[in-house]
Each structure stands twice: as C-alpha cells, then as structure tokens.
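Participant: Listed below, chain by chain, are the residues.
There are 2 protein chains.
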Amino acid sequence: MAAESFPVHPLDRGGLRQRINAALGDFMDRQARVLADVGEGMVPVTAALNDFVLDGGKRLRPGFCYWGWRGIAGPGRADEAIVRAATALELLQASALIHDDLMDSSDTRRGKPAVHRRFEGLHGENRWVGSGESFGSAAAILLGDLCLSWCDEMFGASGVDDRALRAAKPLFDVMRTEVMAGQYLDVLEQAMGGGSVERSRRVMRFKSAKYTIERPLHVGAALAGADPAAFAAYSAYGLPLGEAFQLRDDVLGVFGDPERTGKPAGDDLREGKRTVLLALAGERADAAQNEVLTALVGDPALSDTGVKELRAVIEDTGALADVETMITDLTERALTALAGAPIAEDAREVLRELVDAATVRSV
Amino acid sequence: MAAESFPVHPLDRGGLRQRINAALGDFMDRQARVLADVGEGMVPVTAALNDFVLDGGKRLRPGFCYWGWRGIAGPGRADEAIVRAATALELLQASALIHDDLMDSSDTRRGKPAVHRRFEGLHGENRWVGSGESFGSAAAILLGDLCLSWCDEMFGASGVDDRALRAAKPLFDVMRTEVMAGQYLDVLEQAMGGGSVERSRRVMRFKSAKYTIERPLHVGAALAGADPAAFAAYSAYGLPLGEAFQLRDDVLGVFGDPERTGKPAGDDLREGKRTVLLALAGERADAAQNEVLTALVGDPALSDTGVKELRAVIEDTGALADVETMITDLTERALTALAGAPIAEDAREVLRELVDAATVRSV
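Here the protein sequences line up with chains F and V, keeping their order.
Heads up: the first sequence at position 180 corresponds to 160 in the working numbering, and the numbers run straight through without jumps.
Heads up: the second sequence at position 288 corresponds to 268 in the working numbering, and the numbers run straight through without jumps.
Because the hints were derived from the structure by calculation, they are not lab data.
Quantities reported herein were computed from a predicted structural model and do not represent experimental measurements.
Beta carbons are placed, not taken as given, at the ideal position from N, Cα and C, and that holds for glycine.
Treat each hint with caution, since some may be false.
Here's a subset of chain F near chain V, in silico, CB distances under 10 Å, partners left out [said to hold, decoys possible]:
#	residue
1	S86
2	R143
3	K149
4	A171
5	G205
6	F211
7	G286
8	V287
9	M306
List time: in silico DSBU-like cross-link candidates among lysine-lysine, alpha-carbon distance up to 35 Å [what the hints assert, rightly or not]:
#	chain 1	residue 1	chain 2	residue 2
10	F	K38	V	K288
11	V	K288	F	K149
12	V	K243	F	K149
13	V	K243	V	K288
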C-alpha cells in the first residue's frame, strides 16, 4: 500500500493533481456541514480529517483511475465527473492509512502525529477521564470509518451517468475487498513471522499491485465502457509494475538513503516488515546468516551496526541481486504489455513514463 | 445503537426476518468466493464474518427500511430487490458492532467471543509471534471495514432500479455519517465524564433514534419515491420512538431483570455508560448523592450492594420517574405522528404495534 518510491509527476499531466485536490476540497466542505449539524463536539473531527485528507498525498490511485479512463475515452471528452469519481479512491486510501497507522502503532504520518495520536493528545490537553490511548484508538477507528463510507458516497455522487457507474461499481467493490483482505494477509504474515516468498508475494499482489495500479486502471476503464481486451491489457501492465514498485520500496526500506526516503536508514528492519526481500534472504541464508536475521530483524532498538550486518546478509545471500533482477523482469513485462495495449497514445505515454521511472536503480 | 429491548416481532410480519436472513446468506456466499480467491489465509476471516453476520441479530434496521418502503408502496408490489437493499443496512450494523466491541474492549457479543477476542484466540492457538491482542485488534478493524464496504455494495447490487437508488443513496449516505458521528460523540461524552443531559440526548438522537429508526424509514421511503410529507411523518414518528426505546434500554441497563436482559444486573453502571438517566440523576443529586455517583459509576468491580445504592440515588433524585415520563411523552408523540402519516394501513399497523410494545413498563 505504501508505494513510497512512486514517481508521481507523469500522472500529473494537465494539472490533474490540482484538480483532484480541488474535488477533494469541495467534498470535504460538504461533509464538514453534515458534521457541523451533528454538534459542536465534531469540530476536532472535521479539522483532523481536513488536515489528513487535504494535506499531502500523491493521489496515485485517482491518477491511475483517471488515466485508465482516458486511455479508453481518449482526449477531448468532458472529464469533470470522471475526476470526481477517480478522486473518491483517495478517501479509501485515507481510511486505509488511518486504520493502518493505528494497527501498526505508528506515531507519525507525513511528519505529523498519526490520527490516533492526535486524539490521544486532545484527550490529554483537555484532561478528560479514562485512557487517552483508548480515546485516540476509538477516534481513529471512527474517522477511518467515515472516510471509508465517504469513498463510495463521493464515487456515486460524482456526476458520472448511471450506466458508467453500474459498469464500474463491481470493480470498485472488489478493489475494496481485495485491499482489506491483502491487509489482513499482511498482518497474518507478520504474525507468522514471515519466511515465505510465495506468501509475501501474495500480500504484495493484493495490497500493492492490485490496489494501487490494476484496480484503479480497471475502474477508469469501466467508467469509459472498455471491452475485455482493455481490462486484460491494464492487468498485464499494472500487476507487474505494481510488484516492481513494491519491491523497489522494499529495497529502499533497507538500503535507501534517509535523505531520499524521508525515513531513518533501515527503518523497515526495525519494524520487522516481512517483505519478499527478507523472505528470499531467509530462504538462502546459512546457519550463521539465519542467526543474524532471527536476532536482529524486528528489533526496535537496532543500531546502525545492526543495520549494516543485516544489509550484508541480504547482499551476501544474493537476495538483493535477485530482487533487482525481479524488478527488471517485471518492468520489462509491464512495458511489453503497454506497447500492445489498445489505448490512446497520450495515456500510453503517461503510463510508460511511470515505468521508466521505476527502472532507475535508486540505491 | 443497542436498542436491546426492542420488540422485533411486529416487523417480522410476512416472514420478513427469514427473507432478510436468506438475502444475507446469499450475499455472504458471494463474498466468501471473493475472499477464497485472495488466498487460504482468508478462511478464518470468512468463518468469523459468517458467524457474526448470519448468526442472530434482530434485523431491526432492515425491518424499518422495508416497512418504510411498504408504507409508501403499499402491499402487492414485487419486493425482492427492496428486501435486498434493506438487508444491506444489517452490514452497517455488523461493522458498527465489530468496531464498537473493540473500542469498548467487550469480551463477548451474543454470548460468543467478540471478533477481536476470537482472533486473539486464533493467534494463541497457533503460537504466532508478537502480541495476540494487537493481532486481534487489527483483525477486528479489518473485518469491520469489510462489512462497512460490503454494506453499500449490497445496497447498490440489490437489483433496485437506478432511479430509486439515486433517490435513496443520499439518505443512506447521511445515515452512515450520522451513526459514526454519534458514536464519536458517545466516546467523547464518556471521556468528558458525562453529566450533560443535553449532550446525552444528542448522542441518543444520532446513535439510536436516527440510525435505528428514522433513517432506515427514510431510505425505504426514498426507494418508493415518497414525497416530503412522508419523510416528515417518518421523522415525527421515528425520532421520538427511537429516543423512547433508548431510554427504556437505559432504564433496563440499571434496573432490568438479568433473566430478561441477558446481562448481569447493573452492568451499565459497572461500564460507566453515560446515559440521559445518569445525567439527570447527576443534575439533581445533593452532595451526598453526588458522592455515591462519583464513587461508584464506572467501577468494574461494583458489588450488588453498590448497584442497589446507585439505584436508590437514581430513584430518590427523581431521575427514574422523569425518564419514565419522558418515555410516555415520546411514545405519545410517536403515536400521534403515526396516526396522521400518509402511509398504507398495513405498515401503519406494524409501526403502531412497535410503539405499543414500548409503552409497557418492563421494570
């Protein structure tokens, strides 16, 4: 779900990101009025959601949804309602992040307190009774629920005509089920202690590749009334590209430059994130290397020396090289599928620029 | 949201509850197939959701939605699609209960482990790594999210025609926002330590009266293409009735017979539930009575003697009598509104039987 390394600029062509932000702003204004009618106690909820939803975010999923539509509809068609429908996907992402931060007990998101911490803080400032942590958790659950509910509200109220909505809704629905199921498999994989390349790839497929790229493209294609060949082409492009980007993220999470990733070096190792990269290293490790992995992965107090030791194991087992090869292969597959896709040229160009950006070795 | 004391039989006329259960069963079967495609790790999720959604529940909100439609559409019209659309409201309720049990740290629901406890147990049985409690919480968040997402999926895929869906969706949307906002106000009221009759009534209005009765009736009315007078009549009936039932629940939570309520005597007092009944008692208490309230409400280890002491304060302050008067007045208002409502006679009869059941003093 992270896709931290995703280069966003190609999707932004035509000022799309700004249009998405404007659509989100209008929608959030409407919801603010509904919440205000409920009572003044809702003021901090409205403020927190506005800050969270409107402030930052790459708008990747709306971007792919829009270009998925555009690839079929071609340039020159009125697209205001489509931008609004695509923007709805950002509210699903907001919900997923608010709930994810709570599940992971993350303190911050984009450099600010995570929603559950923000409400824990509110509890403290007001010297309310009971547990501030419980109050923060309850608030984060409910704010995530609001965003999840608003996601289909915005989609349905986008102004897209009934026929297009009917065609796109089943894909929109399966996208939501898949990302939640993928999240569960991820939580399960952490609980099982990782170690399976196949299971890690499945998590990556559902939580990242389908959710971030394939399904948004499909929703866009369905809004444009695409035929089965277009859906298949978007899958053949989106699934490998999504996996390639997630693998790139995983490599960056271990080897990335903190200046570029915005996270401390080796942060994924401290968190004990169960990635394909680590599963591969585990599969190939000898007894001594396995000992290092077991002892150090997931140690919240992991030192810089520990990070270096783990990096050495991941390189020496060949796991890093293999993941780089996987990224290259997946990227090739995405490019080949894109070249033959039955879509408009400007959309093909945008989608190709995205692939190009992923082939650059960033470590 | 509880409405524990709600008599369900009048809504069940024509075997409605069985039809609702059948519609839920079909929908859950479809989702089971989607989850099976994600991977075998999803098996416990499917099992838990089937148990939770299909096993029990009064189907109140689908019932009100159906009779809200029927009041406008009259008897004799095909209603299979309407039953499915109404049934979708049960998935919102499932989501709310799963998340609510997690927020309240409730161990059980309908005599079985709450969802978060069930997955905590799964973690223990499998001797997985990390915190079983965190695993259970994450699972409950995600399973609640699935139900919330499925709620609008089932509504949209009910087979109701586009025009009726377009009319009903805004009411369906505002219902979801209101119940989540009402939940937040409830959590906030607990954190503020209660004490405000006005704030407690607002929580009751949004979390119970609107969510359980008024909005389901409205959604049904909109599905039937009702005019504004019908919506106003359903509000004039549903809001006071919803408040009356919640007040009855609150009285039962303190004075109810465990044999009838299925909960230990005085359980709401141990939980420290901030109700209108308690807020009224607090407003009227003298210094000595206030000391009893402050010392005992919310004490998880409250003894039977403590329950009796609190009951005495609630009676002696006149709070109990006032709440009984409120219930009577609200019931009168609901009946008057119903008598003048522009709806079909069989629906009026069903809705009147519900009111009658609420006037019976059950303590």
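Participant: Given the proposed pairing of K243/V with K149/F, does the C-alpha separation stay at or below 35 Å?
Facilitator: violated (42 Å)
Participant: Would the stated hint for K149/F survive a check requiring a Cβ distance to chain V of less than 10 Å?
Facilitator: holds (6 Å)
Participant: Go through the hint on G286/F and say holds or violated, using the shortest Cβ distance to chain V against 10 Å.
Facilitator: Because about 19 Å separates G286/F from the closest Cβ in chain V, which is outside the 10 Å limit, the hint is violated.
Participant: Taking the closest Cβ pair, is R143/F under 10 Å from chain V?
Facilitator: Result: holds, 9 Å to nearest chain V Cβ.
Participant: Closer than 10 Å between Cβ atoms is the bar; does M306/F clear it against chain V? Give me holds or violated.
Facilitator: violated (20 Å)
Participant: Just to be careful: measuring from the Cβ of G205/F to every Cβ in chain V, is the smallest value less than 10 Å?
Facilitator: violated (16 Å)
Participant: At a threshold of 10 Å, is the proposed contact between V287/F and chain V supported by beta-carbon distances?
Facilitator: Hint on V287/F: violated, closest Cβ of chain V at ~21 Å, above 10 Å.
Participant: Hinted pair, alpha-carbon criterion (35 Å max): K288/V, K149/F. Please report holds or violated.
Facilitator: Between K288/V and K149/F the Cα gap is close to 55 Å, so the pair fails against 35 Å, i.e. violated.
Participant: Taking the closest Cβ pair, is F211/F under 10 Å from chain V?
Facilitator: violated (16 Å)
Participant: So if I understand the rule, the pair passes when the alpha-carbon distance is 35 Å or less; does K38/F with K288/V pass?
Facilitator: Given that 35 Å is the threshold and the Cα spacing comes to 58 Å, the pair is violated.
Participant: Under the criterion of a CB-CB separation shorter than 10 Å, is S86/F in contact with chain V as hinted?
Facilitator: violated (13 Å)
Participant: Is K243/V close enough to K288/V, meaning Cα to Cα at most 35 Å?
Facilitator: Status holds; Cα separation ~16 Å.
When the structure is compared with the earlier hints, violations turn up for hints 1, 5, 6, 7, 8, 9, 10, 11, 12 and for no others.
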